[in-house]
Amino acid sequence: MIRDELTALVEQALAAAQSAGDLPEFAAPEVELEHPQRPEHGDYSANLPLRIQGLAHMKAVEVAEALRAHVPAHEAVAAVEVAQPGFLNFRFDDGWLAAQTPVIASDAAYGSSQAGAGQRLQIEYLSANPTGPVHIANARGGVIGSTLASVMRAGGYEVEEEYYINDSGSQAAIFGRTLYARYQQLFGRDAEIPENGYPGEYMVEIAQVIKDEAGDRYLKPEGEEHDPALDRVGIDAMTGQIREDLKLIGVEYDGWFSERTLQVEGGPYDHVLSELRERGHIVERDGAVWFASSQLGESKDNVIIRSDGAPTYFATDIAYHYDKLTDRGFDRVIDIWGADHQGHVSRLKSSLDALDIDSERLHVLLYQLVSLRRGTEVVPLSKRAGEIITLREVVEEVGSDATRYFFLATSPNSAIEFDLELAQKQSEENPVFYVQYAHARIAGVLDKAAGEGLSSEGADPALLTHEAERTLLRKLLLLPEILEQVVETLEPQPLPHYAQELAGAFHVFYTQCRVVDEDNEALSRARLLLLEATRVVLARTLSLMGVSAPDQM
RNA sequence: GCCCUCGUAGCUCAGUGGAUAGAGCACUGGCCUCCGAAGCCAGGGGUCGCAGGUUCGAAUCCUGCCGAGGGUACCA
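Residue numbering for the first sequence follows the working numbering, starting at 16 and increasing by one per position.
Hints were generated in silico from the structure; no laboratory data involved. Note that this is a predicted model, so its numbers are computed, not measured. Be a bit skeptical, because a hint or two may be false.
What the hints assert, rightly or not - Pair by pair, the computed Cβ-Cβ distance ranges are:
#1 Ala94 <-> Ala132: 31 to 39 Å
#2 Glu259 <-> Ala88: 53 to 61 Å
#3 Ala132 <-> Ser309: 35 to 43 Å
#4 Glu216 <-> Arg529: 21 to 29 Å
#5 Glu267 <-> Gln27: 41 to 49 Å
#6 Gln310 <-> Gly230: 48 to 56 Å
#7 Gly344 <-> Gln27: 53 to 61 Å
#8 Thr341 <-> Glu259: 41 to 49 Å
#9 Glu96 <-> Ala30: 43 to 51 Å
#10 Lys262 <-> Asp346: 25 to 33 Å
#11 Arg258 <-> Glu20: 53 to 61 Å
All residues carry an ideal CB built from backbone N, CA and C; glycine is no exception.
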């Protein structure tokens, strides 16, 4: 991308200035260019002179002058200027800028890179317990995860998206007991929902579906334990519903991984346990088996097998990550978790290190929790509370595009509040429509032009000299940098903000520059080309966010 | 108590070492005989929680304090 080329110019200027004796020899920090806020400061700015003034024992402005004298010529650069208190500013050449239009317009994958080429990356996200429907707070992880997956693919990674199904353990057991109670009730028995069970109505619906399909196959004599096969049927039904609900917001996985399969004889769970035991990381105490994590600098030990013989979530999670990072051979794994799992990060990483797996290959991205409100009233989110606001309900009211945009535009580090009462209103005011409207407008103009027999064929981009045209072009050139930033920080929020800026630049252009003009066909063709380039970048940005790019609204 | 995250315009939030801190919503005023007014233009509104420190330069980094959310289970 252009920024890297200009960065190289500064590095070359430094080396040349030093070898010419205009600057003393010293090891300089890495050169980084930034975008000045004010247009009069140019398109890119290097603060290197300010950072090395001490090393050079010179005033920053003098350093900048020495560098400027050695900056090699470049087709994209019209001017290199020194500004107080010691910046080195670069200004684009208008001809070069305009010439980027056809390059962008013809590259549907504009902004892609090969940063992750040859690396297999797994992103695991959402993975809500399959003990109830997906609710709106779960959706935040789904939107972040699916967007990151798209962006990482654009960054050259080979990406697999996975949902980890917690189908064993105590929550699954309680789910099974609740389901059996509901199932029995359908046969007229006076069964009670267990304490800490799942009282929601959806359990009745699942029981009904099972009864419709299997009749009384799972009905045992009163007082007898229920058939564990019922649990699996129930979990499968719930998982199927989750899968369908997530499609509503454009979340689809490459794989669904069952926690239970880790525990087969001789599987990852057995292996990890014996491996940890051999390496001396296991202690037994109070009838339970512990991972001796305090020896590894953790604040405490952690139970991995409870005194009732059942593995904890932590134990199977070690096995799960072992499986991903060794057996399945991913180079990197990204887990996206709600902040309520924050305490789990450090002990999981320490367990991987204990198994000689470099825990740096695992990135856990935490997002702060979503709270729900209806007006001034706080709505509880727990599945074990009666009321559940499902993702499906919210999406049907607010729409997938507005929901995704809402979750993408805020930093994962900020807790957010979803107000159901304002959801509809907020959706109408959602900036996503501002962006989509830009896309629809472009489609409309291209359509009109085609109707009049006009196209961008043979366009001369050098005619794009209007201030609004150049501003728009400058925005188009930013996409590669935005994608690189998301790949590096694993935070998606630059995408929607960029989309909004780009749409804004387009709307200004549209207001000031008439595209289809019978009296000036050459200019019309050039502007149509600019529209095509803008459409490529807008559509690409929206597509990476999982938001639709409509031709009409 | 200890650990993690947050505190920026009336509201919702961007901005994580640069030059005069931004956007959307809300508010005030203006712009459609002309490609979509879901748009554009102009305006008001800020001690960037508080106090120190580091730096040529701090909303951004460090320390302390205040406030909010989360964690600190033989739940997941």
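Now the hints, each set against the structure:
1. Ala94 <-> Ala132: 31 to 39 Å: Given a distance of about 35 Å, which is inside 31 to 39 Å, the answer is holds.
2. Glu259 <-> Ala88: 53 to 61 Å: Roughly 59 Å apart at Cβ, these two residues keep to the hinted range, so it holds.
3. Ala132 <-> Ser309: 35 to 43 Å: Holds, since Ala132 and Ser309 (Cβ atoms, about 41 Å apart) stay within the stated range.
4. Glu216 <-> Arg529: 21 to 29 Å: violated (57 Å)
5. Glu267 <-> Gln27: 41 to 49 Å: holds (46 Å)
6. Gln310 <-> Gly230: 48 to 56 Å: holds (55 Å)
7. Gly344 <-> Gln27: 53 to 61 Å: Violated - the Cβ-Cβ distance for Gly344 and Gln27, about 40 Å, lies outside 53 to 61 Å.
8. Thr341 <-> Glu259: 41 to 49 Å: Once the Cβ atoms are compared, 33 Å apart, the range 41 to 49 Å for Glu259 and Thr341 is violated.
9. Glu96 <-> Ala30: 43 to 51 Å: Given a distance of about 21 Å, which is not inside 43 to 51 Å, the answer is violated.
10. Lys262 <-> Asp346: 25 to 33 Å: holds (29 Å)
11. Arg258 <-> Glu20: 53 to 61 Å: Since the Cβ atoms of Arg258 and Glu20 sit about 45 Å apart, the hinted range of 53 to 61 Å is violated.
Of the numbered hints listed earlier, those contradicted by the structure are 4, 7, 8, 9 and 11.
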